[in-house]
Amino acid sequence: MTAVWRVARGAVRRRRLQTVVIGVVVGVSTATIVLALGLLAAASAPFDRAHAQQGGAHLVAAFDRTAVSAEQLTAAAGRAGVEAVAGPFDQVALDVSANRGAMVAPTLNAVGRADPGGPVDRVNVWRGRWVAGPGEVVLDVPPGSDLGVRPGERLDVQGGHRLTVVGLAHSVSDTADAWVTPDQLAVLRPTDVQVLYRLTRAATPAEVDEGLAAVTAGLPPGALLGSRSYLMSRQQVAAESGVYVPLLVVFGVLGVAVAVLIVANVVSGAVVAGVRHIGVLKSIGFTPNQVMAVYLVMVTAPAAVGCVLGAVLGNVAARPVLAEAFEVFGATDIGVGPLVNVVALLGMPAVVALAALLPALRARRLSAAEAISAGSAPRAGRALAVQRLLGGALLPRAVSLGLGLPFARPARSALTLAAVALGVMAVTLAIGLTNSVTAYEEAVRPVHDDRVELVVGKVGGGEGPELGGPTHGVPPVLGDAEDEAVLRALPGAVRVAATSRQLVRLVGGQDSAMVLFYRGDAEELGPRILSGRRPDGPGQLAVPSRFLNQHGLRLGDTLTVELGGQRARVEVVGVALANSAAQVFADWDLLELLAPGTRAGSYHVQLEPGADRRAYAAAAAAADPGLAPAPPRGGSSMGVVVVGAAVLLTLVLGAVAALGVFNTVALNARERRRDLGVLKSIGMTPRQVVVMMVTSMGALGLVGGLLGLPLGVAAHHVVAPAMMRAAQADVLDVVVDVYRVPVLVLPALAGVAIAVLGAFLPALAAARTTIAEVLHNE
Amino acid sequence: MTSDNSTAQVVVELSAVRKEYRESAALDGVSLSIRAGEAVAVTGPSGSGKSTLLNVVAGLDRPTSGSVVVNGDDLGRMSETDLALFRRRRIGMIFQFFNLLDDLPALDNVALAAQLTGTSAGQARARALELLDELGVAGRRNTYPAQLSGGERQRVAVARALVNRPALLLADEPTGALDSRSGEQVVDLLLDLNQIGQTLLLVTHDQALANRCASRLVELVDGRVARDSSLERTP
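Protein chains in written order, with the working numbering: chain F, 1 to 778; chain X, 1001 to 1235.
Bound conformation, chain F alone:
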């Protein structure tokens, strides 16, 4: 073995470029695989991962504190089927309606907890700190979200109490909206107690129900006020997280496929390039098995180093990507699972060894004489018909020679072509998804050049009249009806719709919905109705399909809504296009019923074609200084993350594919060193050599582009609707049908770009090769 090791070590040192290429390709491929598999593993059950990481509660139960004692609850929790328990914690509904500027919800479910940790529901405090004394509150806000609340702000609550926000935290179990110390909660007069359970069996609703039955058995009747299973929370967040799953699955599979192709290409090329060396070894007495061992060691040694470094790189790269994608769950420390690392660290060397084994076996069978003469004896020409055809073509000779090169090594060219095609497929898919996200954003929140939205300023120095909507500091001088009349009368106005945004409670559950009430030309200026009809009376609502899905409703169902103590029974008459599941639409008549006299918070105006929007807004402000143009709205964070993830993964795949091309050209140049020398000796310029080598890959890139393009489009037609369905959103034609001819040009050329980028450096090196020695010594 010593001889084998010495020879292999010498070969590794002598063939520095090959060693580096193998190490780098295996390293980058391993990093890609770790990233892809890590994302796949994380995406397959993001909620479960975050829930497990936080020791999330399987069951959250609220009990009447007057009907049951803490001792009874603790005793009940000790029954079989309960893995861990937290609580009982006192809780109360905090009225924070006096703080509308900071909070969307008028009430917060506050829980008294001294410690964010514990065996169940370890709350992630991602900004500020946990409550330490009276007068302090921590709010439940998903990491990265911005509800306009910062630590240091103060909240006025019922009973004249004032709480200072000291931190922002998130519970994936959604156990509270706010936390205070137990002493502080006692001051706020708790109404009930909360107990959090982790069950030994909680995979299905039936098992969770069994757990609930166990922990409530023997308690006084009426002690249980309500309960919530984590399965419900999982279903709700699945709408957000599920969006990423199809994307990550496709990119994960692409990443693995490209990496395997490139590694196989690099390794088999290295063995093929060393055939003559094999002949020398045999001639001095190495057995076929020893020769094979030399080659396996020679290839797997740098591969092993690359694999380990790549795994480290993949873990480092995956961390921010996973945190970005899944921070909504409050889990900021999601990393690549150990299984993924094990698979990558064992799988990649196995792929390398397998890829090396086949050509090494072939070399093993070569006779010493045959192997040692490789390179100096003339080879039988390959792809001869193609070469002849190209020789007569009306192309510069460097180009026609380059076009013929891929046919000389068809297997290597096929592997490279496949890698480029997959790279182009990724680019096509990423472009399609970017366009889909843009198309969806535009469909949901259309930007019209002929429209102006004017918002009403704060009334009486307080809040703007439209809850949660944009506002400004100048109060209106005219009444609602007068403003609308003025806007209709101003030159250029064609249609006007007044709107008011109000948070209503859905009676019968604990949910709320933001209702946008329309008055005036709602038909033209209101949301797009996908099915059913637009609300035109007091008892009607139009809701997005996500709302229907999340509430188990269908078109035609009825529900009761409540605003300021006034209730109304409404029918879902239409499905509207909206991004948020909690955004619903109604006619102004319903607002008149629930909150008579409410003034509009904003006015949507459609202008004549060519009318000056700035001039119209200035005229409106002149008529009533309380009317100002609405600020521009940004894209959704989900859209940004989807596009960001797609672009990042595409860049990684493109780089790996380009690395594959780099390797192919480097191998071709090495194998064809003599031919290059001959061509240069008869007058081929360095530039022509570069053109020839780059053309050889450019042609592959073009074909790869043409193959990858339809694959990418097909993948998009699967992934985009799957993402929409996962988000419980409507699958719109504009989201799926995003490829137009100009859009297709870019991915079609991406193959050429990948090929040219990958080929350029080794082509340049080939052009600079000293030729004198090879021509005389062969």
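These are calculated hints, taken from the structure and not from any lab test. No experiment lies behind these values; they were computed from the predicted model shown. Where hints are given, some of them may not hold.
As the list claims (entries may be wrong) - Some, not all, of what chain X presents toward chain F, calculated at C-beta under 8 Å: (1) Asn-1055; (2) Arg-1077; (3) Glu-1080; (4) Ala-1084; (5) Met-1093; (6) Asn-1099; (7) Leu-1101; (8) Pro-1105; (9) Ala-1121; (10) Asp-1179; (11) Arg-1181; (12) Glu-1184.
To be verified - Simulated restraints on C-beta separations: (13) Ala-1016(X) to Val-316(F): 16 to 24 Å; (14) Met-1078(X) to Leu-749(F): 46 to 54 Å; (15) Ser-1015(X) to Leu-361(F): 52 to 60 Å; (16) Arg-1227(X) to Thr-769(F): 31 to 39 Å; (17) Arg-6(F) to Ala-1016(X): 25 to 33 Å; (18) Val-741(F) to Tyr-1021(X): 37 to 45 Å; (19) Ser-1015(X) to Gly-10(F): 41 to 49 Å; (20) Met-1078(X) to Ala-765(F): 39 to 47 Å; (21) Arg-365(F) to Gly-1197(X): 50 to 58 Å; (22) Gly-1136(X) to Arg-768(F): 45 to 53 Å; (23) Arg-1022(X) to Arg-6(F): 47 to 55 Å; (24) Gly-1176(X) to Arg-768(F): 50 to 58 Å; (25) Ala-1146(X) to Pro-320(F): 24 to 32 Å.
All C-beta atoms, glycine included, are put in the ideal place defined by N, C-alpha and C.
Put chain X on the given structure of chain F with help from the hints.
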């Protein structure tokens, strides 16, 4: 051509050429002039600098010091691209191991050199066919190098070297890889070419070959010119 060349144009002018590889000098102050129509054989033991001399004349390698002027062009002042264009137009090379492109048939191997100068594919093939015919291998024009005999390969290589009508034909051990009969044929070919005015620089360790082909003998020893004398060709 055995006539006096003393008034003919100088095709190759080497002045104090030195070429170093790491510590050792392959060429050590070589000065040499070759006039048009001459057939010069460079001989010497292995490692004497014969091939290095050929490389610097062909522009395949650059001297460490000294100047190399071929057909009026100072190679030391040329870029890599200029050197390629120089080889394309001025130089024809024949190698011991032929150095044909295995993926191209004989005709295209020859035509390729012409196509690089901008000649159309049709014209290049016509000229190549003409040369192959003159060298007696036109019948093998569609055959690939692997199926040609050694002598045939070298004839194709000679045709390729001549296709652009070079000012200087360089031959590096042209018969070294051939059997005696094929070697004789190649020698006759080189003689014929020189007879019609082709300037020839031949590198060989074979004294008999030098005596048959060359009108002048330059012997290199340890990178220096040890002898430079006229020859009477042996029949």
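Tested hints:
Interface hint at Asn-1055(X): satisfied, since its Cβ lies 4 Å from the closest Cβ of chain F, which is below the 8 Å cut-off. The interface hint given for Arg-1077(X) is broken, as the beta carbon of that residue sits about 17 Å from the closest beta carbon of chain F, more than 8 Å. Restraint check, Glu-1080(X) versus chain F: the minimum CB separation of about 5 Å is within 8 Å; hint holds. The interface hint given for Ala-1084(X) holds, since its Cβ lies 4 Å from the closest Cβ of chain F, which is under the 8 Å cut-off.
Restraint check, Met-1093(X) versus chain F: the minimum CB separation of about 5 Å is within 8 Å; hint holds. The interface hint given for Asn-1099(X) holds, since its Cβ lies 5 Å from the closest Cβ of chain F, which is under the 8 Å cut-off. Annotation: interface hint on Leu-1101(X) holds; nearest CB of chain F at approximately 6 Å, less than 8 Å. Proximity of Pro-1105(X) to chain F holds as hinted, the smallest CB-CB distance being about 7 Å (cut-off 8 Å).
Residue-level restraint check for Ala-1121(X) holds (minimum Cβ-Cβ distance to chain F is 5 Å; threshold 8 Å). A cut of 8 Å between beta carbons decides the hint on Asp-1179(X): the least distance to chain F is about 16 Å, and the hint is violated. Because the smallest distance between the Cβ of Arg-1181(X) and any Cβ of chain F comes to about 20 Å, over 8 Å, the interface hint for this residue is violated. Annotation: Glu-1184(X) was flagged as interfacial toward chain F, and the flag is violated, the nearest CB pair being 22 Å apart, outside 8 Å.
Hint check: Ala-1016(X) to Val-316(F), Cβ distance near 59 Å, so the stated range 16 to 24 Å is violated. About 37 Å separates the C-beta atoms of Met-1078(X) and Leu-749(F), a value inconsistent with the hinted range of 46 to 54 Å. Range check, Ser-1015(X) to Leu-361(F): Cβ separation about 57 Å, and the 52 to 60 Å hint holds. Remark: the range hint 31 to 39 Å for Arg-1227(X) to Thr-769(F) is upheld by a beta-carbon distance near 35 Å.
Between Arg-6(F) and Ala-1016(X) the beta carbons are some 46 Å apart, a value that contradicts the proposed interval 25 to 33 Å. For Val-741(F) and Tyr-1021(X), the hinted distance range of 37 to 45 Å is not satisfied, since their beta carbons lie about 58 Å from each other. The hinted window of 41 to 49 Å between Ser-1015(X) and Gly-10(F) holds, with their beta carbons roughly 43 Å apart. In this structure the hint that Met-1078(X) and Ala-765(F) lie 39 to 47 Å apart at CB is violated, the actual value being about 21 Å.
Between Arg-365(F) and Gly-1197(X) the C-beta distance comes to about 54 Å, which sits within the given range of 50 to 58 Å. The given range of 45 to 53 Å is broken by Gly-1136(X) and Arg-768(F), whose C-beta atoms sit roughly 39 Å from each other. A hinted range of 47 to 55 Å is violated for the C-beta pair Arg-1022(X) and Arg-6(F), which are about 26 Å apart. Judged by the Cβ atoms, the range 50 to 58 Å given for Gly-1176(X) and Arg-768(F) is violated: they are separated by roughly 29 Å.
Distance hint for Ala-1146(X) and Pro-320(F): a CB-CB separation of about 56 Å, inconsistent with the stated range 24 to 32 Å.
When each numbered hint is compared with the structure, violations occur for hints 2, 10, 11, 12, 13, 14, 17, 18, 20, 22, 23, 24 and 25.
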